[in-house]
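J.: Sequence:
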Amino acid sequence: VPFMTVLLAAPVYVMNLYVLQSISTIENIASRSAIDAHLGDVLSQSLPAAETIADAPSNYEVDFLRFSWHHSRNISDDATEANYRDLFSACWWQPRETFLKVAAFEKVTGSPEGASFKVFRSNMPKIRMTRDWLDLGVEHMSKWWKLVLESNDAVPSTIARIVDIFKDYTYSSDRKMFFEHVNRGNTIEEEEAVQVSASTLAMIAYMPGRVQDVTVWSLSATIMSLLQVGMGRIIVSGHKQTDEVLVRKAFSIVNNATRDWSNGDEISSKLEFCVSHNATTGINATKFNIPMAVMVRLRHVLMRKEDRSDVVSCWLGGSQESDRDRWKYLFLGEPDTILTTKPDALPGLTKALRSGAVLAPHRYQPLPHASDFSEVRGMGNKRNILPNAPPFKYVVEIDTFSPAQINSCCDRGKFKPWLLHEKCDVTFWWQCGFVAMRKPEKIPIIEGEGDCGRELTSVIVAHKRLLGYTLMRLKRGTGVVYASSESG
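For the sequence shown, the numbering used here assigns the number 452 to the initial residue and increments by one for each residue that follows.
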């Protein structure tokens, strides 16, 4: 679980301890006046947005968590801070040679998550996950939009709002500002970071969603998040040639959004759609495994097991030996995983890559929140949307362009507040409240005080697992509200 530290005029505030200090039992939830007032005072001391990207302090270093494949949930049992569940984001960044040693990528298996877990399992000593969530993470969007659209009466306007969020990200001047900053090469460390990014071949395992416009714009935003850090080539790979139609629409959007970048005339040559290896698994539960099929195809191309020149050129940008040697690092993502990092952090991340590390980004899990849909009529009282009311109205806005000393979001290791509560019958802990709100008559009723009425209190009780977390939004990201990750 991350906690937010913000450097204000005086002490550092730890933003999400208020619940743990003030609400020890569910019966205390209705008495919220003092809590609301305290948290409101803290959040009212907002920090001004950065007009430019601040220079990293000369001693800025990226720190990493202590990892083990399994660890006890008991905080005092061992010194490890992350396990295999925390690592999963459907993304990784690693050296090519490390990837090629994973023999498990010789065939397509039934688990899409295997494209990540097989890498992690084979490289446990090399795995690196940042202590500061802002140093490297991805905003994982598809579960968010699926929940927003579930049983929603205003689907057209809601879809339009979701598209606008991705459109705003794609066309934001922040993308160009980030790219120009990291490519200035003011120091040796910055030059080395540019070289690593430029020699990275990024792959997006393409799995389209139900709503075409959302798929296209989510993919566009994902591609922009990779281009802003300077990745040299981006392959979107699906298992059907017909997938290319929507992918090309996203490419067109990206080309338009980058036309005034210093390398804008080169962007189109960095993007390509390539068909994956046969993705059929032979398993009814998971008929196709696109991420694993992408891994198999890439492995065969890099190891010269695939010698068709058109296939090799599609993946590598050419069929010469120099084209194969050019790509020293590999990145895996999906069309709903938008990369986020601090400009300060990129030299430290690429230094780890040069030393042979496998980088595992944090997986930010957005939460449907009424403040992100204020222009959509009737969204504020939907059961699959958090209300923009206490305690859920208090959201910290994080600016990753500010100096690193001001904005950090540091992992608290094995401490996960949702584990203080009983389990619920749903796969992901953060969805427990939304599932409970489908049957509000079964939620224990606690009479509220002041403006915290009976109906709102039911929402609070349903979402009690969220109360141990700070709600946040990334100013330079999509801007939607999130609290933690899928693993909490």
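Treat each hint with caution, since some may be false.
Restraint-style ranges between C-beta atoms, simulated for each label pair [to be verified]: (1) Ser773 / Ile639: 19 to 27 Å; (2) Asp776 / Asn714: 20 to 28 Å; (3) Glu512 / Asp716: 30 to 38 Å; (4) Arg834 / Gln771: 55 to 63 Å; (5) Arg572 / Ala530: 16 to 24 Å; (6) Lys802 / Asp876: 26 to 34 Å; (7) Glu826 / Arg699: 28 to 36 Å; (8) Asp776 / Trp520: 52 to 60 Å; (9) Asp761 / Ile734: 41 to 49 Å; (10) Glu512 / Phe568: 22 to 30 Å; (11) Ser713 / Arg889: 46 to 54 Å; (12) Arg699 / Ile639: 24 to 32 Å.
Simulated from the structure, these hints should not be mistaken for lab results.
Predicted model, so just to flag it, every value in this text is computed and none were measured.
Each residue gets a CB set at the ideal place from its N, CA and C atoms; glycine is no exception.
J.: Against this structure, judge whether each hint is valid.
T.: Cross-check of the supplied hints:
A hinted range of 19 to 27 Å holds for the C-beta pair Ser773 and Ile639, which are about 25 Å apart. Taken as a hint, the range 20 to 28 Å holds for the pair Asp776 and Asn714, whose Cβ atoms sit roughly 22 Å apart. At about 36 Å, the beta-carbon gap between Glu512 and Asp716 stays in the expected band of 30 to 38 Å. About 57 Å separates the C-beta atoms of Arg834 and Gln771, a value consistent with the hinted range of 55 to 63 Å.
For the hinted restraint 16 to 24 Å between Arg572 and Ala530, the CB-CB distance of approximately 21 Å keeps it satisfied. At roughly 44 Å, the beta carbons of Lys802 and Asp876 sit outside the given window of 26 to 34 Å. One distance hint, 28 to 36 Å for the beta-carbon pair Glu826 and Arg699, holds here, with the actual separation near 30 Å. Hint check: Asp776 to Trp520, Cβ distance near 33 Å, so the stated range 52 to 60 Å is violated.
Between Asp761 and Ile734, the C-beta spacing of about 30 Å breaks the proposed range 41 to 49 Å. A hinted range of 22 to 30 Å holds for the C-beta pair Glu512 and Phe568, which are about 28 Å apart. Range check, Ser713 to Arg889: Cβ separation about 51 Å, and the 46 to 54 Å hint holds. Remark: the range hint 24 to 32 Å for Arg699 to Ile639 is contradicted by a beta-carbon distance near 39 Å.
Comparing the model with each earlier hint shows violations of hints 6, 8, 9, 12; every other hint is respected.
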